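Q: Please build the complex by placing chain C on the supplied structure of chain A, with the hints as guidance.
As they're listed, the protein sequences go chains A and C. If you're matching positions, the first sequence starts at 16 in my numbering and goes up one per residue. If you're matching positions, the second sequence starts at 1472 in my numbering and goes up one per residue.
No lab work stands behind these hints: they were computed from the structure. Any given hint might turn out to be false.
One-sided and incomplete, this derived list gives chain A residues near chain C with beta-carbon spacing under 10 Å [claimed, not checked]:
(1) Arg87
(2) Ser88
(3) Lys89
(4) Arg128
(5) Asn216
(6) Val220
(7) Leu261
(8) Ala264
(9) Tyr321
(10) Gly324
(11) Arg327
A quick note: this is a predicted structure, and the numbers were derived from the prediction, not measured. For every residue, glycine included, the Cβ atom is placed at its ideal position computed from N, Cα and C.
So the chains spell out like this:
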Amino acid sequence: MKIAVDAMGGDNAPQVVIEGVEKARDQYDDLEFTLYGKTEEINKYLKDTKNITIVHSDEVILGTDEPVKAIRSKKQSSMVMAAKSVKDGENDAVFSLGNTGALLAAGIFVVGRIKKVDRPALMSTLPVANENDGVLYLDSGANASAKANYLEQWATMSVFYAKEIKGIDNPTVALLNNGEEYDKGDDMHKDAYQLLSNLENINFVGNIESNEILTGKVDIIVTDGFTGNAALKAIEGTSKIIMGQLKKALTENGIVTKLGAAIVSPSLNGLREMFDTSKSGGAVLLGLKAPVVKAHGNADARAVYYTIGQIRDMLDKKIVEQVNDYYND
Amino acid sequence: MSEEQIMEKIVGLVSDRFDIPADQITANTNFKDNLDADSIDLVEFTLELEDEFGNEISDEDAEKIKTVGEAVAYINSNQ
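So that you can see chain A by itself, here it is in the shape it has in the complex:
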C-alpha cells in the first residue's frame, strides 16, 4: 500500500508529518510512503528512509490560497504533486494536513470523482458521550449547497465505511434537521428524508436535531455542507468556551478551589480522554477514486500516525472499490 504524503501542509509541517509517518512506518510493514515537499526541509527531520521516498516540490499551497486557483496554478506544489501521483497510479491514497478547500479541489479535479457519485463529502468522526466509538458526520463543509440526492449518496457511502472500518453491522443513519418530525425543514431536507426513507440498504432512523449530535444516539449523521459546517463550528466554539471557563474557575479562586480542582482532576482527565480526537483519524473525502484524507492543520505526530492507520484500513478493506462497484456494476 502506497501513500502519497503532502509533507508541507499544516501548521507544524514538515516536522510533525514526518514524525507521524515514521511512527506509522515502524508500526506497519506493508506501507510505503512518498513524501512530497522541499527535500532539504524534509531531510532535517527524517531519521530513517526505510520505505520512504522523497519527491522534491518547489511550491506550497498556503492556508490563504484560493483553492481552485491554487491547484490550477501551483502544479509543482506538494499537495498537487501528491494528488497527481495517485491519479497516475503511482500511489494509492493522498494524505495532507494542508488547506482543506485546496485538498477538496485537488481531490475532485486531480484524483477525480467515482463515476455516478455527484459530489464527494467531507466526513469527520466526532467524539460522543456514550460508549460508542464516535459518530460519522458528513458533510462537514465540502458542499455549501447540496441536493437531496447528494445526501442519499453520502448516507450510502458512509454506511460502507461504518461497516468496514468501524465494524458496525447495521449502522443507524439520521438526517440533521430542525426537528424530529418527517415534515421538518426546507424542501431539500424534506426530499432528502423521503429518499433516505426509501433506501433499502440503510438503517435510516429519521431526523436528528443538533443538540443530539454528540449523544452517540446514532452512528451516522448526514447533512448539507452549510448546515454541517455551521453546527460543527458551534460545537467547537461552545466546548472551547466551556473548557476555558472551567479552567479559569478552578485555578483562579483561591486555595480551597485549587484543592477541589486537584480532587476532580482525574475525572477531568477522563473527560479530556473522551473528547480526544487524535485517535479518530482525519476527515475523509468520500466519493473520490482513491482515499483522500485530511488531518487537522494543527494535528500532532500522534494524530498523523492514527490518520495513516485509518488510510491503511480504507485501502485494506477496499472502501473505494466497494463504493465504485455499488454505483457502477
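A: Coordinates of chain C only, in the frame set by chain A:
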C-alpha cells in the same frame, strides 16, 4: 487535428462526463442550460480538455466557453 476530429473527441468527452448519448450533442449544446453543469462540472471539464489536447486553458478563457461549439473553436484556434 481537423475541426471535425476535435468535435468528435469533445462530443465523446461530453457524452461520457454528462452521461448523455453522443447523438444528442450538437455545437449548440450549452453546458449550463442543456447539461445542468455547475461550476465544479465546468472546472472538471476544462481540466479534461487540457489533458486531452495538451494545452493549458486560462481561467479567463475557460469562463468564455459556454457551448460545445465554443470549446471546439477554442481548441482549434489554440493548437
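Q: Against each hint, give a clear statement of whether it holds in the structure.
A: For each hint, the structure was consulted:
1. Arg87: 7 Å, holds
2. Ser88: This hint holds: A/Ser88 lies near chain C, its Cβ roughly 9 Å from the closest one there, short of 10 Å.
3. Lys89: 13 Å, violated
4. Arg128: 8 Å, holds
5. Asn216: Violated. Min distance 23 Å.
6. Val220: 31 Å, violated
7. Leu261: Hint on A/Leu261: violated, closest Cβ of chain C at ~43 Å, above 10 Å.
8. Ala264: 47 Å, violated
9. Tyr321: Since chain C brings no Cβ nearer than about 30 Å to A/Tyr321, farther than 10 Å, the hint is violated.
10. Gly324: 31 Å, violated
11. Arg327: 29 Å, violated
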